[in-house]
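Residues in the sequence shown are numbered consecutively from 1, following full-length UniProt numbering.
Since the hints were derived computationally from the structure, they do not count as laboratory data. Please note: incorrect hints may appear among the correct ones.
[What the hints assert, rightly or not] Within a straight-line C-alpha distance of at most 25 angstroms, the following computed PhoX-like cross-link-like pairs (lysine-lysine) qualify:
{"#": "1", "residue 1": "Lys211", "residue 2": "Lys185"}
{"#": "2", "residue 1": "Lys251", "residue 2": "Lys211"}
{"#": "3", "residue 1": "Lys58", "residue 2": "Lys119"}
[What the hints assert, rightly or not] Computed beta-carbon distance windows for the label pairs:
{"#": "4", "residue 1": "Glu237", "residue 2": "Arg62", "range": "15 to 21 angstroms"}
{"#": "5", "residue 1": "Gln225", "residue 2": "Asp113", "range": "40 to 46 angstroms"}
{"#": "6", "residue 1": "Asn98", "residue 2": "Phe285", "range": "35 to 41 angstroms"}
{"#": "7", "residue 1": "Arg153", "residue 2": "Asp113", "range": "23 to 29 angstroms"}
{"#": "8", "residue 1": "Gln233", "residue 2": "Ala187", "range": "32 to 38 angstroms"}
{"#": "9", "residue 1": "Asn231", "residue 2": "Arg121", "range": "44 to 50 angstroms"}
{"#": "10", "residue 1": "Ile120", "residue 2": "Asn171", "range": "29 to 35 angstroms"}
{"#": "11", "residue 1": "Val43", "residue 2": "Pro228", "range": "44 to 50 angstroms"}
{"#": "12", "residue 1": "Glu209", "residue 2": "Arg153", "range": "33 to 39 angstroms"}
{"#": "13", "residue 1": "Val181", "residue 2": "Val69", "range": "40 to 46 angstroms"}
{"#": "14", "residue 1": "Ser174", "residue 2": "Val69", "range": "23 to 29 angstroms"}
{"#": "15", "residue 1": "Gln40", "residue 2": "Ser249", "range": "20 to 26 angstroms"}
{"#": "16", "residue 1": "Asp116", "residue 2": "Ala187", "range": "45 to 51 angstroms"}
In this text, all values refer to a predicted model and were calculated from it rather than measured experimentally. Positions of the beta carbon are idealized from the N, C-alpha and C atoms, including for glycine.
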Amino acid sequence: MEVLALSSRNVDGKEKTFTLVTRVMMMTMIISAMQCHAQQTVVGYYDRSCPAAESIVKQTVRNHMRFDVTIPAALLRLHFHDCFVQGCDASVLIDGPNAERFAGANQGLRGFDVIDEAKIRIEASCPGIVSCADILALAAQSAVEFSNGPQWRVPLGRLDGRRSSVSDVSNMPSPTDPMIVIKAKFAGKGLSVEDLVLLNGAHTIGQTECKFFGDRLYNFRQTGQSDPSMNPQAQSELRRFCPPTGNGSGKVALDRGSQTNFDTSFYNNVNGGFAVLESDQNLMFDDETAFYVQR
Numbered sequence: 001m002e003v004l005a006l007s008s009r010n011v012d013g014k015e016k017t018f019t020l021v022t023r024v025m026m027m028t029m030i031i032s033a034m035q036c037h038a039q040q041t042v043v044g045y046y047d048r049s050c051p052a053a054e055s056i057v058k059q060t061v062r063n064h065m066r067f068d069v070t071i072p073a074a075l076l077r078l079h080f081h082d083c084f085v086q087g088c089d090a091s092v093l094i095d096g097p098n099a100e101r102f103a104g105a106n107q108g109l110r111g112f113d114v115i116d117e118a119k120i121r122i123e124a125s126c127p128g129i130v131s132c133a134d135i136l137a138l139a140a141q142s143a144v145e146f147s148n149g150p151q152w153r154v155p156l157g158r159l160d161g162r163r164s165s166v167s168d169v170s171n172m173p174s175p176t177d178p179m180i181v182i183k184a185k186f187a188g189k190g191l192s193v194e195d196l197v198l199l200n201g202a203h204t205i206g207q208t209e210c211k212f213f214g215d216r217l218y219n220f221r222q223t224g225q226s227d228p229s230m231n232p233q234a235q236s237e238l239r240r241f242c243p244p245t246g247n248g249s250g251k252v253a254l255d256r257g258s259q260t261n262f263d264t265s266f267y268n269n270v271n272g273g274f275a276v277l278e279s280d281q282n283l284m285f286d287d288e289t290a291f292y293v294q295r
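Generate coordinates for the entire structure from the input sequences, incorporating the hints supplied.
Below is the structure:
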């Protein structure tokens, strides 16, 4: 499967388009396959029982995008955080004492209001039919589509989970985890190194706060210096948005120059030393992950 340096291999753009579609489909299939609680998911699952479900979710996501262009990235992240813990069961949506959504790794998750609104609208149309897990999966698909990514129909039929605990989120990958730890966490979910690199590609849209990478700019590994793996131009650009005296709440794009487009430029930035998060840049310093980034 192609990942990077597409422009050097295509003359008319067709191969590039096919590659992007393939990558996105692989990414969403991987997410949706994570320990899915349903016996089987199929395209058109609600075509008879709730035919308006898919269009309601799309319309809801689009309406929210009119006021917040960052909502697609938030929804994609919300879906991943749900699936990585106990499978795609919407347990991250459950509210209550010590629920998943209140775990440290889930702080900053957004998009709950989008899912809530879609659920209310669907219940008004066909009560008790569509699971929250399927609504979240549909919202993630819409997030990709409305970020200039490809369009496809999501296999549906997931069941909602009933358990949600902070303690279950301890295995969520962290931006500061060494690559060996990240690989182990993905392997624990039955995901390969290629899956890891594919799923990291979701960072092609969205932002992150300065506090999650500020040490790379000013005090990497307590040296008082910047991260030597970072492209000097990237350092200069990021320092303008994240001054050393700031409170760390400033936000920058994870995919330089393409934060609202679901494309493959994220891998070009990683390859060129322009990754913002240390864990993203470290994809280039592990032989296995670098192979898939550069492939």
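Going through the hints against the structure:
A C-alpha spacing of about 23 angstroms is found between Lys211 and Lys185, which places the hinted pair at or below 25 angstroms, so the restraint holds. For the suggested pair Lys251 and Lys211, the alpha carbons sit about 9 angstroms apart, so the restraint of at most 25 angstroms is met. As the CA atoms of Lys58 and Lys119 are separated by approximately 12 angstroms, the hinted pair is consistent with the 25 angstroms bound. At roughly 31 angstroms, the beta-carbon separation of Glu237 and Arg62 lies outside the given 15 to 21 angstroms, and the hint is violated.
Taken as a hint, the range 40 to 46 angstroms holds for the pair Gln225 and Asp113, whose Cβ atoms sit roughly 42 angstroms apart. Checked against the hint of 35 to 41 angstroms, the pair Asn98 and Phe285 passes, with Cβ atoms roughly 37 angstroms apart. Range check, Arg153 to Asp113: Cβ separation about 25 angstroms, and the 23 to 29 angstroms hint holds. With their beta carbons about 35 angstroms apart, Gln233 and Ala187 fall inside the hinted range of 32 to 38 angstroms.
Range check, Asn231 to Arg121: about 45 angstroms between beta-carbon atoms, so the 44 to 50 angstroms window is met. The hinted range of 29 to 35 angstroms is satisfied by Ile120 and Asn171, whose Cβ atoms lie roughly 32 angstroms apart. Between Val43 and Pro228, the C-beta spacing of about 48 angstroms keeps the proposed range 44 to 50 angstroms intact. Range check, Glu209 to Arg153: Cβ separation about 35 angstroms, and the 33 to 39 angstroms hint holds.
The hinted range of 40 to 46 angstroms is not satisfied by Val181 and Val69, whose Cβ atoms lie roughly 33 angstroms apart. Taking the beta carbon of each, Ser174 and Val69 are about 26 angstroms apart, inside 23 to 29 angstroms as hinted. For Gln40 and Ser249, the Cβ-Cβ distance of about 44 angstroms falls outside the hinted range of 20 to 26 angstroms, so the restraint is violated. Separation of Asp116 from Ala187 is about 34 angstroms and departs from the stated range, judged on CB atoms against 45 to 51 angstroms.
Going down the numbered hints, you'll see the structure goes against 4, 13, 15, 16, while the others check out.
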